[in-house]
Amino acid sequence: MNCHKGIRLGKSLMKFTLLINEGPYQHQASDTAYQFAKAALEKGHEIYRVFFYNDGVNNATRLAVPPQDDRNITENWAALAKEHELDMVVCIAAAQRRGMLDADEAGRQGKDADNIHPAFRISGLGQLVEGGIQSDRLLTFGD
Amino acid sequence: MSDGIKKFMFVNTKAPYGTVYALESLEVVLISAAFDQSVSLVFCDDGVFQIANNQKTDDSGMKNFSPAYKALGDYDINKLYVEKESLEERGLTLDNLMALTYEDEDDDWAEKPSIILVTRAELADLMDEQDVVISS
Amino acid sequence: MAMLHTVNKSPFERNSLNSCLTKSKEGSTILLIEDAVVGALKGTIVADKLTAAVANKNVCVLGSDLNTRGFTEADIIDGIKIVDYAGFVDLVAEHSNVQSWL
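Residue numbers (this note's numbering), protein chains in the order written: chain A, 1 to 143; chain B, 1001 to 1136; chain C, 2001 to 2102.
Just so you know, these hints were derived from the structure itself, not from any lab. A few of these clues could be false.
With a Cα cut of at most 25 Å, we get these calculated SDA-like pairs of lysine to any residue [as the list claims (entries may be wrong)]:
(1) K1014(B) to A93(A)
(2) K1007(B) to Q127(A)
(3) K2009(C) to R71(A)
(4) K15(A) to D2084(C)
(5) K1084(B) to Q1055(B)
(6) K2049(C) to R1090(B)
Just a few of them, taken from the derived set where beta-carbon distance is under 10 Å, the chain C residues facing chain B [stated by the list, open to error]:
(7) T2044
(8) Q2099
(9) S2100
(10) W2101
We treat Cβ as the ideally placed atom computed from N, Cα and C, and that holds for glycine.
Please construct the entire structure, taking both the sequences and the accompanying hints into account.
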């Protein structure tokens, strides 16, 4: 379970799954989801899973180098995940289409590089459906 | 906690091919069939173009994924709601859509239409009843 | 419990706010986020629709996205409420389900 600071008495705590369908910077979707996740965690809610789909898989790149005066979206997610032990899942089918690979997958596919940040894990679409089943609310952030 | 059956509704509002949303939404729908939940689909706004008849992609080089909609019935996904007003606004009728069907196991496997024409107001009611709405 | 609808695109560019307004029930809540916050401004071509929606729906706008784009409470239609991210979280928790009009 996540930390429960900031619980409001009389408010019921919930489990949320967040679905992020757009990549970083091009759309605000990932930023909005991040701010929502932070606010939900501050209130004591649980983020059951953050699922990255469509171009949203690009949020998981460990190779992005944004300008120093801008936010680093991937690192922001990674830090939040570390603090709250978030389960951040990248859809394998969407990731493979877009050249997003972790080391295991790169080995399996015979590719010479991998680019998934270690704060994220690659798994199947079933994880999204399971998130919808296990959570009180599923919320989509997209274009 | 919530291990009962949930109502999942996938709302398709975008045209196919111009963006990948229709194809990748269909992939989620097919996976969801394995979880024994109550699954329905909505085609409204430009989403109605996803199930248009006679899609031919030979010359565009796009992958024609429209045949996959015909497989939904085999996965027990047979509630495909099409918004009447969206069809009319686009000059379409049911004849412009693929004949999507399923075999009803409770009725001696009779072949029945999966497409259910609904009004905008009926659609609002249906959305309201869902546990999980995933739209794209 | 009623439903929460979120809209994130400007009504001057996309049809999603209109779709949401025509497919949401009385008593539901509509939250404008990201570029959709400009739909809450006074004097626009969609202002009449929003004013009508306020009469029987709970219409909210994400304040930080409004401020980010250079607008404040003084610029928006009477009856539209401003919420912060904590308020966004409360809206999700208080409604039975959420539909994002993308």
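Here's how the hints hold up against the structure:
1. K1014(B) to A93(A): holds (21 Å)
2. K1007(B) to Q127(A): holds (17 Å)
3. K2009(C) to R71(A): Status holds; Cα separation ~22 Å.
4. K15(A) to D2084(C): holds (20 Å)
5. K1084(B) to Q1055(B): Holds: K1084(B) and Q1055(B) sit about 21 Å apart, inside 25 Å.
6. K2049(C) to R1090(B): This hinted pair holds, its Cα atoms lying about 22 Å apart.
7. T2044: violated (21 Å)
8. Q2099: Check passed: Cβ of Q2099(C) comes within 4 Å of chain B, closer than 10 Å.
9. S2100: holds (6 Å)
10. W2101: Holds, because the Cβ-Cβ distance from W2101(C) to chain B comes to roughly 7 Å (cut-off 10 Å).
Checked against the numbered hints listed earlier, the structure breaks hint 7 alone; every other hint is satisfied.
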